[in-house]
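Letter by letter, the chains look like this.
There are 2 protein chains.
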Amino acid sequence: MTRSGNLLVGQGGGPTAVINASLLGIVEEARQHRQIERILGMRYGLVGLLKGDIVDLGLEDPQRLRLVGRSPAAALGTCRRRFTPHDATPTLAVLAAHNVRFFLYIGGNDSADTAHQIQALADQSGYDLTCMGVPKTIDNDLAHMDHTPGYGSAARYIATAALNISYDTAAIATTDQVTILEVMGRNAGWLAAASILARTSSDDAPHLVYVPERPVSADCLVRQVKQVVARHGHAVIVATETIRDENGKPWARSTGDDGFGHARLVGAAERMGDVISDSLGLKVRVNKPGSLQRSAGECVSPVDWDEAYLVGKVAVSRAVDGARDMMVTLLRKPGTA
Amino acid sequence: MTRSGNLLVGQGGGPTAVINASLLGIVEEARQHRQIERILGMRYGLVGLLKGDIVDLGLEDPQRLRLVGRSPAAALGTCRRRFTPHDATPTLAVLAAHNVRFFLYIGGNDSADTAHQIQALADQSGYDLTCMGVPKTIDNDLAHMDHTPGYGSAARYIATAALNISYDTAAIATTDQVTILEVMGRNAGWLAAASILARTSSDDAPHLVYVPERPVSADCLVRQVKQVVARHGHAVIVATETIRDENGKPWARSTGDDGFGHARLVGAAERMGDVISDSLGLKVRVNKPGSLQRSAGECVSPVDWDEAYLVGKVAVSRAVDGARDMMVTLLRKPGTA
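Here the protein sequences line up with chains E and L, keeping their order.
Counted from 1, the first sequence has number 92 at position 93 by numbering that gives the first Met the number 0; the numbering is strictly sequential.
Counted from 1, the second sequence has number 288 at position 289 by numbering that gives the first Met the number 0; the numbering is strictly sequential.
For the record, the hints were derived by calculation from the structure and aren't laboratory data.
Quick caveat: nothing in here was measured; it's all calculated off a predicted structure.
Take these hints with a grain of salt, some might be off.
No distinction is drawn between identical chains; accordingly, a pair holds when it is met within one copy or between any pair of copies.
Claimed, not checked - Heads up, simulated EDC-like pairs for lysine to aspartate or glutamate below, C-alpha to C-alpha not over 20 angstroms straight-line:
#, residue 1, residue 2
1, Lys282, Asp256
2, Lys225, Asp244
3, Lys282, Asp257
4, Lys225, Asp273
5, Lys225, Glu269
6, Lys225, Asp256
7, Lys312, Asp55
With the sequences and hints as input, model every part of the structure.
As structure tokens, then:
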């Protein structure tokens, strides 16, 4: 078991509507354990850690923290930055200076990797440290778990948005026949797939859902839209921003990388809209809610919030019990929906 | 006073989140008056009228109508189509065939003009008809009234969205420094201006709001963004889709007209983002909620819903009392907020 010391928590990668619930769970659980002396937070994740930009969360008013836990986006600030060998010395210096013995990083695959590398660094250096990953992503693409905190609320946002635009598009179909909703997602179509959750029949919108796992050619897109418009008089399309064509080429243009080395792709739905307009002479409206998908406090799923809070609590209690170099996961009981 | 007969109601222009409240108000008020025999609806506004695509709203279950009244977008369908001299004969034929004596059109300036022209047509032809306009628009740009049903809910959506992305942008500022929220609005900046309503201090986001009433040059944009980022480390910008530069040229590209002869402008925020990226080397994220602004049922303002319902009711009661060729307006009592 790790000896007593301070806990340091950070948030990495894209914000979600419930990532602060995990932060709250961590702080509230940490308060229950004598082994944890002070509860510290790094500003802007790894970026703040390296600069020693550390705040004392134990000084925060508990009531105020509960309000923060109900607020969207990452209250500590976040970053997209990989851990590199050059980071080893400053990281160990800051951890030692603050007597950090529990290191918790809330984030996705890249943040879990950072926690894992810092664990390895500490182990090699003989610095007594327990690292834990706390899962978070709206993409629902983390390994070894059933679903991810952050996904449920973003999925609720998208399902609600798809329902709203299905009414809107049907109403204005005499003028604008096609609406495309462009959805976030790197290589995972979960969020786009969630757009059908408010449908009550297979004839309901959205009529076409394009996910990155399945390429779509311009010919196929035009053919499918034509069929839908012939049947319904209008079409509601949901497309992930990272969809690719039959040659594996993104529909979007790249605008550099996101800091983790992943391509940033912009304009997929706009290009789909141009192809549909040019080929079929239909008017196309593109909606791109962008970061609203991950920050809409009014669409938080209560189940998602509770699970995000829980993974934070469990990360602390397991760490105190001796678990280390792990990420908390959510599994599903067989037979449950 | 108009003699007894049927009432015909339609919805025109862009949908809103509360236009069905006006429809409900009309139907529920019409049920109270003996002079109104049947309550009819035209599908897709003027387009349906000309085709004789008429439904009997009196046959609808009252409970179901109340649910429709709580749903976003135009339940009858809408259109963007001007009334032309060629429409005179079919219009009179359909009105007479259905014994329509009360004609109500829910919509904006263009729809009110259609109601006015149909009134003039009936008067010239000696056909006894009472026409009334029922106001609706998210742009808040109707003449002679304090504010417009539909605006309040869209304003609430935008203020909420601006608050959400202000948290999100502050959280991810180490990677993405600038977020632009592109807002609807033809020549009116009311909706963009509503984005500041959730601010609690002048330092809060959104930091820059660009409205169509005030042109902005690329130089000015870059200078202002640079100042904001120097002060806050990030910038949240709200821009109306129809903003123009110092030469009066739209920042957006035109993609034809909207059916009323108004230009459809696309891509203003995207171009602003490119200018900011190219000039300042900052990463810019563009959010364009598009038709979600006018269809978000979860952001309906209760006051807006009540007023939308009320203007529908008043249009009927005033028409029965002998008013004609008018649009209902909302005025503000002096001294009230």
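Verification of the supplied hints:
1. Lys282 - Asp256: Answer is between; shortest inter-copy Cα gap is 10 angstroms, intra-copy 32 angstroms.
2. Lys225 - Asp244: within (18 angstroms within a copy, 38 angstroms between copies)
3. Lys282 - Asp257: between (32 angstroms within a copy, 9 angstroms between copies)
4. Lys225 - Asp273: For Lys225 and Asp273, only the intra-copy Cα distance (14 angstroms) is at most 20 angstroms; the inter-copy one is 33 angstroms.
5. Lys225 - Glu269: Within one copy, since 18 angstroms is at most 20 angstroms while 28 angstroms is not.
6. Lys225 - Asp256: neither (35 angstroms within a copy, 22 angstroms between copies)
7. Lys312 - Asp55: Answer is within: at 18 angstroms inside a copy they meet the 20 angstroms cutoff, but 58 angstroms across does not.
This entry does not satisfy hint 6, going by the numbered hints stated previously; all others are met.
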